[in-house]
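Protein chains: 2
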Amino acid sequence: MAIQNKVSLPVIKRLPKYYRYLTNLSAEGREKISSSELAHMMGTTASQVRQDFNCFGGFGQQGIGYKVDVLRGEIGKLLFGDGERLSTILIGAGHLGSAVSSFISRDTNGYRLIGVFDINPALFDKEICGVPIHPLHELESFCAEYHPEVAVLCVPRQSAIDVAGSLVSYGIKGFWNFSHYDLSVEYPDITVENVHLGDSLMSLGYRLRNQE
Amino acid sequence: MAIQNKVSLPVIKRLPKYYRYLTNLSAEGREKISSSELAHMMGTTASQVRQDFNCFGGFGQQGIGYKVDVLRGEIGKLLFGDGERLSTILIGAGHLGSAVSSFISRDTNGYRLIGVFDINPALFDKEICGVPIHPLHELESFCAEYHPEVAVLCVPRQSAIDVAGSLVSYGIKGFWNFSHYDLSVEYPDITVENVHLGDSLMSLGYRLRNQE
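As they're listed, the protein sequences go chains X and G.
Counting from 1, position 57 in the first sequence corresponds to residue 639 in my numbering; the numbering is continuous, with no gaps.
Counting from 1, position 67 in the second sequence corresponds to residue 649 in my numbering; the numbering is continuous, with no gaps.
Mixed in with the good hints there might be a few duds.
One copy or two, either will do: identical chains are not told apart, so a pair holds if it fits within one copy or between any two.
Straight line, CA to CA, 30 Å or less: simulated DSS-like cross-link-like pairs of lysine-lysine [claimed, not checked]:
hint, residue 1, residue 2
1, 659, 708
2, 755, 599
3, 599, 659
For the record, the hints were derived by calculation from the structure and aren't laboratory data.
If we strip away everything but chain X, and leave its shape as in the complex, we get (with noise of 0.2 Å):
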């Protein structure tokens, strides 16, 4: 498959988008679709539905319509790589570290949790999906033995800012970041997929006050 060497962000934020339509259409035992059809159920436009693709070689069987199983393989593989999940860490355990933590650790997202940090001692004794959550100050020996690849942080802004360079340090190279500190602007090369979720509320606010 022959992958454009810098897909942008708004072409890879679809790549689950489609992912998800597929999974749907399968367990509906769909065999083939269009790019058109593909594109009404998901609101956008077949002309996009064959950009997007065509960054990653097009997958073929256009004008014949695509194999539902084969294209959600190849848009699987992008997505998932081989199989091998990134092993994770989630930094807060409070109600929305909880709430996230069953994204993280669901098979069908590329993740696996393999520890839980907070700095709130009544939390020391107890699990978050199936995994134990430690005290923030043995972050630095926990990575140094397993090694995790992505840090998930739902803590607030000023904590994010003190552990972020830490967590750099300590051999993280993604983020999932639900602080309103904006890291990757520090850290220019890591990854970082932010979740601003007051961010998305005022959005909201601004479409239903200005134009209704």
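Since the structure of chain X is already known, use the hints to place chain G on it.
Just chain G now, with coordinates in the frame of chain X:
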């Protein structure tokens, strides 16, 4: 202030980030900032900042820098209108619903949580953020009495499909959607802000596996 008729979604989605940075700058006592300094802090370009601001009439002061508090106030007016909060209901009081409820009920985001609904009877005598949890079958009468404007969907895909049409018919204008149901396809006139956490994790995985 001259607002363009239709501001593009990427610009709208950056407004909360500007607001956050300006809030931090204001808290630090900064009085003025240039577009290039603001851009540098945020990891973008001065030209992007000026282009974004031009969608709203430019907020004046180019060349001599923006007054931090004035700029923060103008962007705040766009995001929060006259300060009246959007009355909001939460569908789904599980882990995720509990975690995101704090964002809805937080004073600073522009919303007011007035009702929570679930199908789990074990939750009916409980509260989230001081708001009682109702059985889902009370949704219609609740909406008829209190006229919520926004619904937050923290339920699985099928439950979202089942409830979305009713919510639209009960007068809901906007959705903060955590389910894997892309309801904007079926209801194009409704304002939807999607937070697909699984998609977010998968696209992080793509970048870590293919672009390192």
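Now for the hints, and whether the structure bears them out:
no.	hint	result
1	659 <-> 708	neither (35 Å within a copy, 44 Å between copies)
2	755 <-> 599	both (24 Å within a copy, 24 Å between copies)
3	599 <-> 659	within (14 Å within a copy, 34 Å between copies)
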